[in-house]
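Trainee: Please build the complete structure, drawing on both the sequences and the hints.
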Amino acid sequence: MEPAGWITLALVGAAAVLLVTERLRPDLTALLVLLVLAISGIVTPEQAFSGFSQSAVITILSIFVLTHALERTGVTHWVGMKLLRGLGASESRLATALMLSSAALSLIMNSIAAAAVLLPSAVAIARHTGRPPSRLLLPLAYGALLGGTATLLTTANILVSTTLARASIAPFGLFDFLPIGLPIIAGGAIVVGVLRPRLLPTRDLAGEVARMRRLQTELAQVYHLSEGMSAVTVRPGSALAGQTLRQGAWGHDLGLTVLGVAHQGRLTLAPNGDTIIREADTVLVEGAPRPEVMDAYGLKLTALGEEPSLTSEDVLLVEVILAPRSEFEGRTLKDIHFREKYGMQVLAIWRQGEVLQQTVADIPLRLGDAMLMQGSRDRIAVLRADPNWILLEEQGSRRIGRKGLTAAAILALSLGLAASGVMPIALATLTGAALVVLFGCLPMDDAYRAVEWRTVFLIAFMIPLGAAMLESGAASFLAAGVLSLTGGLAPLATAAVLLAMTIGLSLFLGGQTTAVVMAPIAIESASLLHADARGMAMAVALGCSLVFLSPYGHPANLLVMGPGGYTSRDFLRVGLPLTLTTFVLALLGLHWVWGL
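Numbers 4 to 599, taken from this note's numbering, label the letters of the sequence shown in order.
These are calculated hints, taken from the structure and not from any lab test. Each residue gets a CB set at the ideal place from its N, CA and C atoms; glycine is no exception. There could be a bad hint or two in this list.
Pair by pair, the computed Cβ-Cβ distance ranges are [unchecked claim]:
1. Leu198 <-> Gln355: 19 to 25 Å
2. Gln267 <-> Arg572: 50 to 56 Å
3. Glu357 <-> Ser423: 21 to 27 Å
4. Gly443 <-> Thr247: 21 to 27 Å
5. Val425 <-> Leu198: 43 to 49 Å
6. Met297 <-> Asn391: 32 to 38 Å
7. Leu488 <-> Leu416: 41 to 47 Å
8. Ala503 <-> Asp389: 38 to 44 Å
9. Gly490 <-> Val440: 42 to 48 Å
Mentor: Right under this line is the structure:
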């Protein structure tokens, strides 16, 4: 192999280490890979920047816009409600319906969006029926992943298809995944349905064994609020007397979250930053006030007496998670000025089975965190309207208006044009994205905000790496290594190795990067075996979706981790039999449908 091939392999290894250790952001890692490829001369400058003109990038960008148009006009919510209507209280029926519903939505939108659309309704159903969310939400996430095996419209599948096209091989069509994906969905649903009673955990989370009238008390119990609450009295002469909460910097300087202020015996819950603190006021706080800080600011710890209520007719507790593509991921509440912007308090964060209460304002937010917030009804309404957050509550019925019908018709038109071969899928979806803006289904500014630009740039930066692997001989070298593992057996054995490698890499690198790395290896393996390259590439595409073993393998898994109270062990316990089953079904499909 030429030096260029060794450099390319070294880049793949270095990128993998950076992605797994999270030393750098994934998009920055991808940019560095591109720069090294270009500066070293492995790819030309034109090839280095060709990712931005690839059909994969245009298709993915357009799908973001189309999906957001469906969400904004209420189409996805309406479809989700129709799919979940009339399920009764049977846990088995609820879990199966959620799994199949998310799989169905994943056929027309990306998997993370499909899971996010159904998540609030799933939590509301759990509360109404007295079922633990932990018994329902994992099937929801797994259904979204399984749906990705039956459609071209996932990021990894589009990238694999684009790699085929770059190698002068016919790319996948819109319906090429259906014959192999539908049996995988059915088999996965059966396995989860059979094993669910024994494998899914039962966690004491919000909504468990409760009706809605008891939810506020249960939320406080789940997040152990009573353990972190204190009451402090403002002494005469205190430096905080006469100042507003904002001026007093209770959170920044004292490390306390103010839950309520009692003035002359009247308690005001969820006070805003302009609330004035006076001498002799009692302030209900969350946190651990240090004695030296109390003395310095003229405060005195006061006995709570009976546990105070944190809710009233106007003030509620709500459970909230970060939305997919939220601009606040990785940032702290202090960074985004949460209290000033929304007028609400974050009381606790549920992360990987643990409740975090201390200095919540300084904790970087992650996808999958569930946050307990306190606020007035009008401030909760503001938060509900912000696309950066998802409130885990029933959203109520919503009719599809003219814009919703228009958005649905445009999506159907785009998919029809792509499926019939009238237009390439990139052109068809871009046309659809333009039409939803032109017909008023989505403002242009919202269309820009709908795009996950980090994903778009990550893909555009990584695409030249796939080209470098093909042209430098690195893919051929790795393909020969794969064939040595199978000992010259039938192509199906090689497909099995590729499928297993893809699943393993996707758990750590994510499906997008894995697709870019593994697709060239699959193509070269097929060439050496004189087998169908599209069938080998299909093994890679499927493997990118079969990531059930870890919450970090796919954002859809992370999305339900907080609300369901799951741990990594839960994903391993439920995901292992599901992975083995779908692995076998995928191989059978590759043999029967693709002739491997």
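Trainee: Can you tell me whether the CB distance of Val425 to Leu198 sits inside 43 to 49 Å?
Mentor: holds (44 Å)
Trainee: The hint says 41 to 47 Å between Leu488 and Leu416; measuring C-beta to C-beta, is that right?
Mentor: holds (46 Å)
Trainee: Range first: 32 to 38 Å. Now tell me if the beta carbons of Met297 and Asn391 are that far apart.
Mentor: holds (36 Å)
Trainee: Given a hinted range of 38 to 44 Å, is it respected by the beta-carbon distance of Ala503 and Asp389?
Mentor: holds (42 Å)
Trainee: Honestly, do Gly443 and Thr247 meet the 21 to 27 Å range at C-beta?
Mentor: violated (43 Å)
Trainee: Confirm or reject the claim that Gly490 and Val440 have a C-beta distance inside 42 to 48 Å.
Mentor: At roughly 55 Å between Cβ atoms, Val440 and Gly490 fall outside 42 to 48 Å, so the hint is violated.
Trainee: Is the distance from the Cβ of Leu198 to the Cβ of Gln355 consistent with 19 to 25 Å?
Mentor: Cβ of Leu198 to Cβ of Gln355: about 23 Å, so the range 19 to 25 Å holds.
Trainee: The hint says 50 to 56 Å between Gln267 and Arg572; measuring C-beta to C-beta, is that right?
Mentor: For Gln267 and Arg572 the Cβ distance comes to about 52 Å; the hint holds.
Trainee: Regarding Glu357 and Ser423, is the given constraint of 21 to 27 Å on their beta-carbon distance met?
Mentor: violated (52 Å)
Consistency with the previously given hints fails for numbers 3, 4, 9, ordered from lowest to highest.
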